[in-house]
Structure formats: C-alpha cells, structure tokens
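Peer 1: Residue-level listing of the chains:
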Amino acid sequence: MSPFDLMSPMGATMALLPELVLTGWSLLVLLVVAWRHETEQDSHLAGWLSFLGVLLAGATLGMLWLGGAAPLGPTHMIALDAYRFGAAALILLSTAATILLSLRYLDRQRLLAPEYYVLILLAAVGMMLLAGAADMIVLFLGLEVMSISVYVLAGFDRFRRSSAEAALKYFLIGAFASAFLLYGIALIFGATGQTNFTLIGQHLGSARLSLMAGLGLAFILIGLGFKVSAVPFHMWAPDVYDGAPTPVTGFMATGVKVAAFSALVRVLLEAFPAAAYLWQPVIAFLAIATIVVGNVVALTQQSLKRMLAYSSIAHAGYTLVAVWAGTTLGAGAVLFYLVTYTVTTLASFGILASTEHVGSRTILVDDLEGLFTVRPGAALAMAICLLSLLGFPGTFGFIGKWYLISAAVAQGQYILPVVLVLGSLVSAGYYLPVIMAMTMKASRTQDAHRQVTFSVAARATVAVAVAIILVFGVWPTGPLAVALDSAKSLGAATSGRR
Amino acid sequence: MTAFLASIGYDRWILHVLLATPLIGMVVVIVSPPAWARVLALIVALFELVVSLGLWWAFDPSVPGMQFVTKVDWLPMWGVSYYVGLDGLTIFMVLLSTCMMPLLVWGSWHQIDFKRRGFYALLLALKTGMLGVFLAMDLFLFYCFWELLLIPMYFLIGIWGSSNKLYASEKFFIYTFSGSLLMLVAIISMVWIVGGATGTYSFSYDHLLAHRDLLGSAAPWLFTAFALAFAVKVPVFPFHTWLPDAHGEAPTAGSVDLAVILLKMGTYGFLRFAIPFFPAFALSRTVSALVVALAVTGIIYGALVSMVQPDLKRVVAYSSVSHLGFVMLGIWAGTVQSVQGSIMVMIAHGISTGALFFLVGMLYERRHTRLIADFGGLAKVAPLLATAFTITAFSSIGLPGLNGFIGEFLVLLGSFGRFPGATIVATSVVVFAAAYLLWAVQRVFFNPLVGPENEKVRDLNFREIAVIAPLIVAMVWMGLYPQPILRRTEAAAVRYVETVRPHVQPTAAAPVVTAEAHP
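For the record, the sequence lines run as chains A and B.
Residues 1 to 498 in my numbering are what the first sequence spells out, letter by letter.
Residues 1 to 519 in my numbering are what the second sequence spells out, letter by letter.
Careful, some of the hints might be misleading.
[Stated by the list, open to error] No more than 30 Å apart at the CA atoms, straight line, and that leaves these computed lysine-lysine pairs for DSSO-like:
1) B:Lys380 x B:Lys456
2) A:Lys441 x B:Lys115
3) B:Lys115 x B:Lys71
4) A:Lys441 x B:Lys171
Calculated directly from the structure, the hints in this document are not laboratory data.
With the hints as extra help, turn the sequences into a complete structure.
Peer 2: In structure tokens form, the structure reads like this:
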C-alpha cells in the first residue's frame, strides 16, 4: 500500500476508513431502529447489525494494518501507525464483546431500547479517534464523542436509581475533566502555537518547559487521569461502575481505558518527550497512589461490581508503571497489558452480567457461594479470569505484569515494580474470597444459581476470552511481538530514548 | 540396565514425559466419569513411578553438573527458554515425588468421597508443578512452576480440608504468594542488570550464575527478595505460622505432598539459587549469623511447640519446622558433609514425615478425631498400626539405623567446625525430638485402652499396609545403607561447595573445611 497523503481528501478518507465505516454504520443502525424499536427481536436485530458493523470496521482496520498503511510526510490530525491500529483493534474487540454480552442482558433487564447499540458504536468511534489522535483537537473531539455516548449508556437502566445517579455523576465529573483537558490544550497552544503532537514536541525541543507549557501538560494529565481513573481522579469510578448496566461497566472498564491510555502514551511520548523530568515524577506518584488506594479500598468491598471497579483502578495504576518508563518498551508494555486486561475484564463482566437476574440489587461476593456445584463452567471461567487479574503464572495477566515490571526495571526503577507486586499481593485478598465463595462454600439455598444461564453469544464470548487467557498465558510470543512492533511505530520522537 | 536405557534414548525424553504425563492425566481425569478418577490417577502415578525409576541407573554420579538437559526457546524476545535438567541436588526430590504419587492416590482411595474428579485432577496438576520446580533451569520457567503449585494446593486444602479449611487455605496462599512476588521483581532485575552489562538478556540459570559478579551492589536486595520467598516455603522461623494450619487442615494427600515436596522447595531454592547467586552477601558474617540463629531457633522452637500440641497432626507439622532447621544449618555451614547431610535430611524427612501424615490420616479415618487426648492404648486393638507408627516416629527422631539419623548426623558433623555453638545447641535438641514424638506415641498407643470407640478401632487393612510398607522399607534401607544415595549426591554437593567456597568466611574456631579435606 502506497503512503497516504493525509492532506488530500482521498488520503484522509482512507486513513480514517475504520472510523468512517463505523460512524456511517451507526447512523444506518439508528435509521433501522427508528422503525424497529418495540420487541426483543428488534433489539436483537439492532445488536446483530451493530456487531456486523464492528466486523466491517475491523475488516477495514485489518486492511490498513496489514497493508502497512503509512503517512506521506508528517502526520496531521490522525496517526497512521501500528500503535493506533493496535489500540483500535482492541477497542473494536471490546465493542464486539460488549454487544454480544448485551443481547440477552437487555432482554432480561427489560431494557428494550435498541438505541443502546447505536450509542455503543458511537462511543467506539470516539475511542478510536481518541486513541489515534495525532492532534490535540482530534484528541478532544474523540474524548467528547466517547464520553457523551458513555454518559448516556451509564444511565441506560431507567428502572434503577443507581443507574441514573451513575450517569449524572459521570457526566458532571467528566465535564469537569474535559474542561481541564481543554484548558490544558489551550495553554499548550498558547505556549507553542501548535496543536499537532509532533510539532509541539519539536517546538518545545529539549529546553525546560515554560510555566505555561508546564501548566498545560499538568492539565492534560489531569484530564486524561480522570478518564483512566487514576487516583486522586478516581472518585467517580466506583459509583459509576456499580450503577451502570453490567455490560456497559465492562465496556467502560476496557474500551475507555484502552483509548485514554493510548492517548496518554502518545501525548507524552510524541508531544512531551523531553519533559520527562516533569511528568515522570507525576506519573510515578499517580501510579503509586492508584495502586495503593485501588487495592486497599477494593479489599473492603462487598459488592462484586464495586470490587471489580476498584480493582480496575488498581490495574490502571499498574499500567501507569509502564507509562512512567516513557520508552518504546514501556509503550509496548502498556498496549500489551491493556490487551490482557481487556480480555480478562470483558470475560469477568460477561459472567457477571449472566449471573444477574431481573431487577436485582447488585451482586455481592456472598451471592456467588456454591456457584461451582451448579454452574461449574461459569465458576471455572470466573476463577481463571480472577487469577489472570491477580497475575498468576499460566495466565495472560501474568505475562502482562511481567512486561510492565520489565519496562520499569529496564530504566533502573525498582520502587514502582515493588509497589506493583505488593499491590498484587493485596489484590489476592479480594480475588481469592470470590474464588473461595464459588468453589469452597456451599450454596445458601436449594435452587441458587439456577437462573444463571448464558446465551450462546455470551457463552462463546466468555469461552473465547478464557481460551485467549490460557493460550496466550503460556504462549504469548505473537501478541508480544505485535505489541512491541506497534510501540516501535510510535513516532520518531521516541527514537532518542530506548 | 544402563545400556538398555541408553538404547531407548531415555535421557532425551524422560524429563518431558515426567512433566507432561500428569498434565495429560489431569485432562483425562476431568473428562472421564467421576468413578474412574482414582483408577486413572493411579495408572498415571504408577506410570510416572516406573518411568522415573530409570533415573536411578541413567543418572551418572560422577558428573557434577546438569544431566538430561534440554533447552528450547520459549519466548525468544525475552530470553526465556524451556530449559530443564537434573543433578545430584534434585534427583532424589524427583524420585521421592514420583514414588510418593501412587501412595498418595492409594492412600486417598476411600478418604476422598466427593468431587473425586477435581481432587485427583488437582493432585496430578500439583505433581507437574512440583517436578517442574526441581527440573526448571530457566528462572522464568522456575517461577511459573513455583507459583503454579499454589493453586492446586489452595483448592486441595480449601475444598477437601477439615473444619478450619478456608482460613488455612487462604493463609497458605497469602503467605507463599507474598514471599514469591518479591522474587519476581528480583528475577527480572537480575536479568536486566546482567543483560545490560553483557548484552545477552537471558533467564537461563547458567548465564546468570556465570555473571553473578555483575550484580554488585544490588546483590543484598536481590538476595533478600529470593530469601524471603524461600524462607516462607521452608519455613524458617518466624515465617512458619502458615505451616501448622495448612498441614493441620489439609486432607492427608495434601499434608503428605506439603511435607514431602513443598517444604523442600524452599531449601532447594537456597541451595540452587539464593546462595550460589549471591554468595558474598549470603555467606557474609552477619547474614550467616542471622540464618544460623533462626535455624537453631526453629529447631528448638519447633520441637518445644510440637510437644504441647493437642492435635496429632500439628505435632507432626511442628516437627517439620524443627527438621528443616537442620537443613538450613547444613546449607549455611557450606561443607560437603553438611550439604550432603542436608540433602539426606530432606529425603529422610520426606519419607518419615510423609509416613507419619499417612498414619495420622488413617487414625483420623477410624476415629474422626486427631486429638491425642481422645486416643489411648490403641496398640492392643491395632498392633500393626502401632508398630508402623512407632517405627516411623523412631525414624523421624533420628534413631541410628533408620534414615533420620544419617542426615542429621552428617549435618551436625559438617557444621561443627563452622558453627560449634549452634551445633551443640542443635544436638541437644535431638533429646527434645525424642520427647515430643515418643510422648505422643505413648499417649496414643500405649496408655490404658479407654473408651468404647478406641476398642473398636480396626487394624491396618491390605490397602493401608501397601501404602505404609514401602515407606518403612525405605526408612530401614536408607538408615542401614545410605551409600547409593550419598554417592549420587556427592558430586553436586562438592560442586555447590566449590561455587560458594571463595565467599565462606573463615571462623575463629576452625578454618574453612574444603572439599579436599573430606575423606
């Protein structure tokens, strides 16, 4: 494939093809939904149509990626490198899984509004733009498209108060974060006169940052810190994760994080490579705070969803350890860890979504007691997911943690890896009780867990995810190579650093 | 025999077969009907046993290094390989593990009466993990096996354990997991430090050992991380508190596996990794003094606490703390005799403590209690059981002529020159050792027969005799004729001593005992 001239309409269209396909498809689904929005069949139709759209977007993405799409000259607006493609593929994966897991869930919770799927597709478009942005304006655009769709999704369960609360909370705090980000972008523009990452990097050069640029960087970090739910910007996450419909929680915990982390890495490495002296201590602080708070607070949670919410905060902290490294290896580790985390989290939320029943309160850890005897497959899959989140050898999560630690150790940093493993140790304290409840305790009632049924789609999604966790846990060569290659494509700005 | 083994290429496939068979067996057990589980597990165990026996002949005692070596790239971009091998330090751990396997299945035959498939599948998975720990020569692989063991053990205790199983299983997991996590950071750091200096990023044991001098100022930290992981597993006093709970609550098979293999992984880790990698720091005066003090404390503390335990299983569990203190003492003394003695104690402790746990399990099956106070005078109604228990107890306390004596004697002999004070204290403890087990034996078997339940206790049946008899034969054989075992461990012990010798601090009491001085 010849390089795309991003200045020409044709080149820009080609470069944005996956996002355009997905946008167009979501409008199409919206049109279909305008006529068909009454019954379960309508909802399923919209769901499968959306899934098809994700597949199409995935196909165009694969075309670009495998075709080795590259820009002619400098990149404008949208990056055209393997790091964007890797992140976008992960986002599409998360979207597809979320759609499949939602099909039966929406029926069961009587949420028969097929606009749900349109919002999911639009959120995915926003995520892909955010992850692929090479310009501050596109970054903000992607962030807003993503966020606004997800605000609505979080409040989608109209019958539950907690869902409405989640949406409002998420919206208010999210708007606040967006404002910070926008202010940061404005300050950076004021300091450099540029919005393009690479140009900002060139303009700033290797000199120390001016106060204005430094403040801009700080505000951008705060804005993205909210989206990756780094402590102390995490306050919204537990309530929102708990209140949102379960598949949406899975989507937020994976897709939003993938997009925000990819953007964070790209901004730091391409726009502020020389300001590492400034952002590395900040990231280190955020990482330690996030790991400690996420893990310690998760210990005290009774609700499974809240526990997973805090654990996902902790995982954001682990990922920040590799962001800290600020190297190609670190960027590869971030992407790789996001893959392991996404696959594992999707599977666990998928199981959780199937375990809930109509209009029930949130699931407590104790509610899973004896699951293994009634639904051995589900319990086993859940146990594998939790072990992978714990970072146990033989699972995908272990390889991911190994990579994160390597990225930090390669830079001679030992404190962050030690904090990371101590955090993992604490996390054993809340993952194990779930496994224990499922396998070692007897169920409370005779007919407990009988209502736990998996639709074929959900079953397939969870099975594939668990298979990935196990196979790549033992044989991660493929994804490792892809992650590292993607990281290497991250602009010339990183070439100076190992 | 050697020629036959060579003709079938034994040395090329044996280790892979040993590692893979239990895993395949696990899958087969899971997909088969529950009623077949124990039979299938027994078949796999017997197969492992028969195949592994060839090691006895195929192993060349004169070679100090690794034998049966295979190295295949696994994750080449990280320098990780599937690298396995066997030497004099590990051959008996492997053989002990494979020999115990059929006994474990056979011993759990009736005791496990629910979720049989899961039980035997986990038992098989545990076996692969154990063998892997001893065979792995790549630190990534080693770490994977090391951690993988936790899961089957966690479930074995948590599902099939006795009353307080949930507490025990979680404690076991958290303790051992916490120890090993820092080792993970240490392993990665070592590879990056060595890789940064040499340009070769490799997790291979040889590579790291050859460049251990490059670790420089990081060595104390790295050693501490490794030592914590191993000390929890041994367990060295004061990290031992998980052991009585785990042992006490685990089903018999779990207790036996813990005693026979899992505890040895800690001492093996010191012998193979922690000391050879960082000899200058590990054997420095301060660290030696600390470790020896902890080892002797463990020897005495284990014996004393064991004496007052009301629960027979906990008596045996605390005696392990005491025995493994001897192993630690021998390792740190760093003479050929003491190291060989340590290996002998590891083997002997495996056999005799394993047998004790089997016997306690059999008592529990009969009376559904393990409290010593509930028993009394069982020798009258169950003479075979009483005899077996008494012989095993004798072996455990180190009666000359049985296997416990050889190892402890060698450790004390080899350590005396280096740590005379500690050795004298440890020797005096053998008296306590006699007290704690013999007192328990007396109260269970030889006091007046009281209570209707005790009168109805039946003697060993054929299956139980088949479990215990091989162990007793091994105790006597090792006690009377340990030469074949010593001969096979000597080269490895000498190699270990030579690896660390330049760093052994000469003490005022005696010069360093060198390999040459050994008769």
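Peer 1: If a hint holds in the structure, say so; if it doesn't, say that too.
Peer 2: Going through the hints against the structure:
1. B:Lys380 x B:Lys456: Roughly 11 Å separates the two Cα atoms, so the pair holds.
2. A:Lys441 x B:Lys115: Holds - the C-alpha atoms of Lys115 of chain B and Lys441 of chain A are around 13 Å apart, at most 30 Å.
3. B:Lys115 x B:Lys71: violated (38 Å)
4. A:Lys441 x B:Lys171: Answer holds: Lys441 of chain A to Lys171 of chain B is near 17 Å, not above 30 Å.
Consistency with the previously given hints fails for number 3 only.
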